[in-house]
Every structure is written in C-alpha cells, then in structure tokens.
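**Student:** Put together the whole structure using the sequences plus the hints.
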Amino acid sequence: MDRSSFGDFEYSVTAFNAYLRKQFVEKFRTLLVFFIIMLFPYVWAKMLGTFFIIVFSMGSDIRSKKLDMVTFLPFSKEMIYWYEFIFVSLFIVLSFFIGLPFYNGTLLEAFGDLLAAIIFAAAYYGLIVIVSMLGMDPIGGAFIILILDLVFSSFGSMQLGESFNPYKFISPIVQGNQLAALVFAVFCLYMGSVLFSKRGGEK
Amino acid sequence: MMMTVDIMDETAQKYVIKVDGLSKRFGGKQVLSNISFSVDEGSIFALIGPNGAGKTTTIRCITDSIESDGGRIELFGQSINPTVKRNIAVVSEDRRVFRHFTALDYEALWSALYPKWDSDVFKDFLARYNFDLKQRVETYSIGMKTLFFVALAVSSQAELLILDEPTQHLDPTTRFDIMTMLKAYAKDGRTILISSHEIFELEEYATDFAIIKQGKVIYTDSIDDAKEKHRIISEGDLMSRREGTVGIVGNEVLVKVDGTESSGRYPRLNEIVVGYLTGTKR
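Sequences listed follow chains A and X, in order. So the first sequence is numbered by our numbering: it starts at 1 and just counts up by one. So the second sequence is numbered by our numbering: it starts at 1 and just counts up by one.
Heads up, a few of these hints could be off.
Taking lysine-lysine pairs in the DSSO-like style, the calculated list, with each CA pair at most 27 Å apart, reads [what the hints assert, rightly or not]:
id: 1; chain 1: X; residue 1: K145; chain 2: A; residue 2: K65
id: 2; chain 1: A; residue 1: K65; chain 2: X; residue 2: K213
id: 3; chain 1: X; residue 1: K256; chain 2: X; residue 2: K216
Quick caveat, the hints were computed from the structure, so don't treat them as lab data.
**Tutor:** Okay, structure coming up:
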C-alpha cells in the first residue's frame with residue numbers, strides 16, 4: 001500500500017469519515033435488511049448478510065459505473081477500495097456486538113465466528129472486485145463465486161485419503177483451517193486492491 | 001547550479017496540467033492517441049471537439065478515474081494523489097448524483113473534503129437560484145443539477161476546476177452569470193479546464209483551447225494567438241495559395257499564415273474550430 005495514495009494521516013481520517021458518512025446516507029436504506037439478517041447470532045447469517053452487502057454496495061457501484069462520482073472527489077482508488085472494505089467490516093462488527101448478548105456459546109466461540117465472518121468478507125470482497133476488474137458483471141460474478149465455493153467445498157473430506165479435498169481448508173464458507181482460509185482471504189483482498197488501483201471503476 | 005534548478009522548477013510549475021502522449025483504449029477501440037497539451041496557471045482552457053472525440057475520457061484520465069494506457073499526466077508539477085486532488089474540483093458530464101443526497105448532504109461532504117471550502121459562496125449561490133437545501137438533488141431538473149454542481153465546484157475554492165459542459169441545459173441569463181463567475185474565478189490566479197461544445201460561448205470567456213478529433217489533439221493554442229495565426233479567405237483567393245490551407249468554413253477557407261499576412265480577415269474561434277474539424281473535406 002503506497003502511503004502517498006492516502007495523503008497525510010489527518011486527511012486520511014477526514015476522508016474516511018466523509019466516505020463513511022456518504023455510504024451510510026447513500027446505502028443504509030438498501031443495506032438495512034441485510035444488516036438485520038446479520039444480527040442473528042450465527043456465522044452463516046453474517047456471511048449471508050456480508051455477501052449481499054458487498055454485492056449491493058461495491059458490486060452495484062461498479063456495475064452502474066457510479067465510482068466516477070467518488071473518484072472525481074479527493075479520494076484515490078486505493079482509498080475507495082480500503083474504505084469500502086472497512087465499511088463492510090463495520091457492518092459485521094456492529095452486528096456482532098449487537099447480537100453478542102444473544103449468542104449461544106462461549107465468548108471465544110463468538111469471537112471465532114466474528115473472525116470467520118471477516119475472513120469471508122475479505123475473500124469475497126477481493127474476489128468480487130477481481131472478477132469485476134477482469135470484465136465480468138460484478139453481481140453475476142458474485143453469485144458464480146458463491147456457487148463455485150459451495151460446490152467445490154461440498155465434496156470430499158479434509159482427511160488425507162482418496163476423497164481428500166484441500167480446497168475445504170481455504171474455502172471462505174467452510175474455512176476447514178482458519179489460518180489457511182485467512183491467508184487465502186488476505187491474498188484475494190490484496191489482489192483485488194492491486195487490480196482496483198489499476199482499473200478503478202472501469203470494468 | 002542551484003540557480004538552474006530553481007529556474008527549472010519555476011518553469012515546471014507554470015503548468016497546472018501537463019498531458020504528454022496520453023493514450024487510452026477501450027476494448028479494441030483506440031479512444032485517445034498521443035494526446036498532448038498543457039494548461040497554464042490562471043487560464044481558462046477549453047477542450048473542444050465533436051461527440052466521441054475523447055474529451056471526457058481525457059478528463060477521466062486526468063482525474064485518475066481511469067488508468068491511461070500510456071503517456072504522462074502532471075498536475076501542479078506532480079502525478080495525481082489525494083493531496084493534489086484536494087485542489088481539484090470536478091463537474092462531470094453525466095450529472096450523476098448520489099441518490100439519497102440532499103443539497104445539505106453534498107455540502108457536508110464537499111466541505112469536509114475541500115480545505116478551502118467557502119460556505120458563504122455556496123449559500124449565496126443557493127439563495128440566488130432558490131435551491132431547497134433539504135430536497136434530494138436527484139429530483140432537481142438537469143439544468144438545476146448543472147447549476148448545483150457548478151456551485152459546489154466554485155465553493156470548493158479549488159485551484160483547478162475541471163468542468164464538463166458547465167453551461168449545458170441552462171437558460172441564457174444563467175449561462176451569462178456562470179461565464180462571468182468563471183472569468184472572475186480564473187482572474188484570482190486559479191485555473192479552469194472546460195470541455196464544451198458551446199464554441200460561441202467559449203470565445204467569451206476561455207483563454208486557451210485544444211481541438212480534439214478522433215482521440216488526437218489537432219490544434220492547441222491561446223485563442224488570441226490562434227486568431228493572429230489564421231485568416232479566413234474566399235475560395236477565389238485560395239487559388240493563388242499553395243500552403244497553409246487548414247479547412248473549409250462554409251463558403252470560405254481557413255488558412256494558417258505567418259505574421260506578415262495581410263489578405264483575408266481574422267477568424268472567430270468557431271471558424272478556427274470548424275476549419276480544423278472539417279479539414280479540406282466538403
């Protein structure tokens with residue numbers, strides 16, 4: 001991440017606040033229903049809500065070529081990419097803490113689910129941006145990624161043997177090995193950042 | 001040696017925008033091909049050309065909304081970054097708006113992002129043209145949207161305004177107001193880059209221009225110098241000339257001359273533009 005892409009620290013904070021405010025005014029009504037789904041204290045609910053928030057936020061902006069409206073303002077493409085990811089993550093964290101008193105499990109398990117949801121968000125956010133930048137429709141691409149993830153993680157096992165399926169370890173949904181899934185998610189997030197910085201809103 | 005460096009820095013900073021060899025392709029279509037021009041500090045520079053010539057793509061490359069395939073763009077002597085962008089306010093061609101934003105939301109966003117934001121200028125503008133601050137900007141007419149975005153840009157007090165068709169859809173009185181305002185804005189040493197089809201208007205307030213055709217800059221100059229360097233002559237007079245023919249303008253011909261030429265008359269900006277765009281084709 002190039003520091004010059006974010007300006008000085010003081011401006012980064014100001015710009016981040018402005019971006020969040022813009023997103024909340026612009027998107028909150030659309031995303032409210034998915035936020036409500038995320039309030040259910042289950043990891044699948046957070047993943048489902050996160051998926052639709054990414055689709056209807058960044059995915060929709062890329063599809064409708066609305067990013068120009070933001071890139072014409074004093075935001076770099078790097079800023080937009082990372083601020084948007086933080087915006088999505090905030091929904092996860094906010095819903096986590098609101099739903100925490102109703103969580104059926106230990107505190108450690110609860111934070112494990114929070115981490116799983118953030119890993120899912122990072123991987124899907126990166127992958128959806130990657131397929132969009134490669135020319136695919138972001139919303140169609142998101143559903144293809146979801147279907148492929150569900151299909152490839154549904155068969156085989158994580159035990160060494162004939163039916164061994166290593167994809168299960170890194171699958172953003174199954175996360176057979178949380179560390180491996182985290183590494184994969186970080187890789188997706190980084191690659192998304194590289195491509196988005198290069199191409200921005202241009203599909 | 002130090003003196004040389006200082007002089008070079010001074011020269012470099014003379015240009016607010018310097019575009020050199022810019023190219024851009026969308027799919028198989030070459031939209032920009034080796035675009036080069038520079039915009040001086042304090043000038044009102046017009047990008048002129050037909051639809052699809054590449055004016056908006058040039059602006060999108062300058063603002064880093066899209067990545068160019070080749071060439072170099074310098075703004076205030078450096079490549080674009082958020083610090084530089086805080087000195088640039090843009091009015092886009094499509095007038096897209098944030099769907100749920102009211103004028104108040106826009107004011108909050110722009111005033112946070114532009115350090116020199118002048119809320120008095122903004123309020124005066126809104127009062128003068130009866131904007132409702134609590135109304136969603138999406139519900140404004142297209143002319144009101146144009147006016148509103150120009151208001152935001154001028155209120156930003158940015159050192160560089162980039163305006164795509166800033167007088168489009170406006171009534172004649174408001175157009176005149178906007179032109180007067182932009183002239184005053186540039187008089188304070190700030191710079192304006194305008195993309196427009198309104199060549200009659202541009203002659204009133206622009207100082208420099210570039211003609212873009214099929215993704216190439218075919219001519220760039222100051223308006224005054226361009227008039228000095230060209231003449232409009234009748235087709236009959238053309239018979240005696242061998243060089244300098246630029247293009248046909250109605251029943252006359254635009255020719256490029258050296259300083260001593262006495263025949264013909266001085267062209268207007270629109271005649272220079274038409275001459276270059278049509279070339280010698282009838």
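**Student:** Can you list which hints this structure breaks, lowest number first?
**Tutor:** none
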